[in-house]
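Engineer: Sequence:
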Amino acid sequence: MDADEEGERTQKTPSTAEKNQSAEESSSASSDPRSSAAERRAHRRGEKVSGIMDFFRKRRGVVILRTWVIYGIILGIVAGVGAILLYESIKLSTHLFLGEIVGYIPPCPLSEGSVNPSLPSNRLLIPVATTLGGLISGLLVYKLAPETEGHGTDAAIDAFHNGRAVRKRVPIIKMIASAITIGSGGSAGREGPMAQIASGIGSFLGERFKLNRHQRRILMAVGVGAGIGSIFKAPFGGALFGAEVLYKRDFEVEVIVPAIIASVIGYVIFGAWTGYEPVFGMVGLQHEFVKPINLLFYAILGVVCGLGGILYVKTFYATKSLFSTMKIPNYLKPAIGGLGVGLLGMAFPHVLGVGYGWLQLAMTERLALLPLYVIIALAIAKIFATALSIGSGGSGGVFAPGLFVGGMLGLALWKVFKMMFPDVFTCSMAAFVIVGMMALFGGVAKAPISVIIMVTEMTSSYLLLVPSMLATTISYLVTRENTIYESQVEDRASSPAHYPEYHIPVLRGIYVREAMSRDVVTIKPYDSIEDAMKLMGQKRVKGVLVVDESGDLCGIVTLEDVLKIPPSERSNQPVESIMSEDLITAFEDETLHDAFEKMVHHGISHLPVVDADNPKKVVGMLTINDIMRAYDEAMALVVGVSPQESE
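Under numbering that gives the first Met the number 0, think of the first position of the sequence shown as 0, with each following residue one higher.
Please note: incorrect hints may appear among the correct ones.
For each label pair, taking beta carbons as the anchor points, the in silico distance ranges come out as [to be verified]: (1) Arg-207 with Leu-123: 22 to 28 Å; (2) Glu-548 with Glu-632: 35 to 41 Å; (3) Arg-122 with Arg-168: 47 to 53 Å; (4) Asp-422 with Leu-123: 46 to 52 Å; (5) Thr-521 with Ala-635: 29 to 35 Å; (6) Pro-524 with Pro-566: 17 to 23 Å; (7) Leu-368 with Val-302: 43 to 49 Å; (8) Asp-422 with Met-634: 21 to 27 Å; (9) Val-114 with Asp-157: 35 to 41 Å; (10) Asn-161 with Ile-292: 44 to 50 Å; (11) Lys-209 with Ser-117: 48 to 54 Å; (12) Ala-635 with Pro-524: 37 to 43 Å; (13) Met-634 with Asn-161: 56 to 62 Å.
The set of hints was computed from the structure by calculation and includes no laboratory data.
Yeah, the Cβ is synthetic: ideal placement off N, Cα and C, and Gly gets one too.
Could you put the whole structure together from the sequences, leaning on the hints where they help?
Structural biologist: Structure, rendered in structure tokens:
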């Protein structure tokens with residue numbers, strides 16, 4: 000609440016004594032037989048109006064909740080329709096590129112059609128399809144909406160934290176470009192495009208309804224949850240994902256309720272079009288967790304998936320960095336990436352497209368006869384195919400490829416344990432594939448809770464909650480700071496979206512006199528620049544104040560000013576020739592927030608602190624480092640540790 004609003008409220012709110020006096024007067028007026036009927040009616044009307052105002056004040060939270068319900072329903076409808084359009088666009092694109100050109104029909108999960116694949120009738124044309132798809136996608140992206148390149152979830156996260164508005168064309172371009180990338184054989188998923196599409200629509204609705212910046216951010220995150228919950232038929236996991244994926248170690252709690260509403264609405268609409276069966280159907284797991292000894296094997300799976308996740312992240316961003324250094328037009332880069340994917344696809348058609356059908360075959364044990372080295376090769380090939388498809392600037396998500404890699408690692412480890420411990424190891428192949436899917440992506444997405452729930456909804460594998468919790472948590476710990484979403488921040492306190500909430504209250508509670516240094520380093524105007532340079536080195540400071548013989552402040556010289564002068568000239572020129580005389584100063588009784596705003600506004604890192612009655616008298620010096628040190632000390636006191644321990 001603003002100070003003006005607080006003052007106005009204070010002025011309008013009667014004191015306790017006034018209330019008591021008013022009550023006494025009202026009581027006497029109502030009991031006084033000489034009081035007129037009109038006065039009594041006016042008194043009753045006043046009490047009635049006051050009661051109504053109290054009612055609405057107490058129920059302000061109800062009004063806010065009702066508002067988010069309305070927004071959630073609207074965004075859920077849009078997300079559901081958007082999921083249908085994206086789903087059908089990918090189907091059409093797959094038919095045109097892989098079906099007509101290559102003669103390849105990838106397998107589908109149980110809920111989407113035939114599980115049986117039609118192997119490529121002409122493998123030599125696979126690079127043609129993938130390169131052509133990459134070229135068309137690149138032209139669309141870089142000519143019309145460059146922000147749609149890459150995996151859309153990261154773009155949505157970045158827009159949330161930095162308050163960037165999403166252009167109206169982004170959802171449409173993202174949908175078309177992603178459908179072409181995936182349909183032509185690019186190794187990418189549907190969740191990234193759907194997240195950016197729905198968050199973009201959320202941004203548009205926020206502007207349309209004239210919401211404030213915070214509310215627009217929430218609506219964008221709700222869009223992420225609704226879009227993913229719809230396209231994956233995982234409404235609960237999708238809603239939590241929208242709140243969890245923004246941070247490495249935190250939740251955006253305000254997102255959860257409206258995201259659940261929107262995700263459920265989107266799921267209902269998308270399910271009405273495609274059916275309500277889970278994506279991977281009813282896997283049919285029964286009594287999977289009956290031997291505690293099997294938890295040891297799931298723990299090892301968590302470690303392996305964590306290491307595989309690190310390889311996934313490192314390969315993806317190394318490839319992205321490589322393409323960013325290429326001195327060629329950006330729209331050609333996805334075509335080059337597509338060519339690389341096509342060459343991989345000639346050897347391993349399994350890596351083309353989303354890959355859910357192959358995961359379905361693994362769950363039903365139809366890939367059990369594949370040699371161990373082939374399964375490991377599929378996991379590695381998928382990592383490189385994804386890096387080439389999306390890291391080159393193509394459009395698509397990283398969720399589905401991550402599930403594929405984790406599922407293949409789970410399958411490979413299942414075969415190893417089955418050979419080494421046939422009498423002890425009793426887990427089914429489907430269980431290891433599913434937990435591998437959860438563990439790898441839950442670790443690299445830094446969203447273990449939502450990924451566990453989402454994959455559980457996609458597979459109906461509720462009996463695997465205990466082993467999946469163990470494996471995913473271990474993978475999360477093994478991957479450490481490695482994340483597939485580089486725009487994630489540590490927690491809410493680290494997000495620009497929450498700067499006013501976390502930082503400003505702290506800085507407003509600390510005064511300049513508590514943080515400034517009173518040991519001020521000064522120099523005379525006629526001293527040489529060389530002397531100033533030596534003084535800075537001796538005192539280990541990056542700025543010195545210039546004072547005259549009477550001690551009055553004349554200016555300031557910083558290390559940056561000194562370095563502009565050639566070394567051969569520094570001993571001959573006086574300090575006054577380079578000092579800044581137009582000084583920005585602070586007072587002792589100002590808050591650090593006010594001082595910091597001055598620094599940011601003027602682009603400076605040092606503030607001379609002067610006497611309020613005599614602006615020429617220097618009493619201290621305040622630097623950015625002083626502010627940060629004071630802030631860290633204050634936060635350390637809040638959490639109950641010393642500053643040394645907090646470091």
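Engineer: Next, verify each hint and record whether it holds.
Structural biologist: These are the hints, each one checked on the structure:
no.: 1; hint: Arg-207 with Leu-123: 22 to 28 Å; result: violated, 50 Å
no.: 2; hint: Glu-548 with Glu-632: 35 to 41 Å; result: holds, 38 Å
no.: 3; hint: Arg-122 with Arg-168: 47 to 53 Å; result: violated, 37 Å
no.: 4; hint: Asp-422 with Leu-123: 46 to 52 Å; result: holds, 48 Å
no.: 5; hint: Thr-521 with Ala-635: 29 to 35 Å; result: holds, 32 Å
no.: 6; hint: Pro-524 with Pro-566: 17 to 23 Å; result: holds, 21 Å
no.: 7; hint: Leu-368 with Val-302: 43 to 49 Å; result: violated, 27 Å
no.: 8; hint: Asp-422 with Met-634: 21 to 27 Å; result: violated, 55 Å
no.: 9; hint: Val-114 with Asp-157: 35 to 41 Å; result: holds, 37 Å
no.: 10; hint: Asn-161 with Ile-292: 44 to 50 Å; result: holds, 48 Å
no.: 11; hint: Lys-209 with Ser-117: 48 to 54 Å; result: holds, 52 Å
no.: 12; hint: Ala-635 with Pro-524: 37 to 43 Å; result: holds, 41 Å
no.: 13; hint: Met-634 with Asn-161: 56 to 62 Å; result: violated, 23 Å
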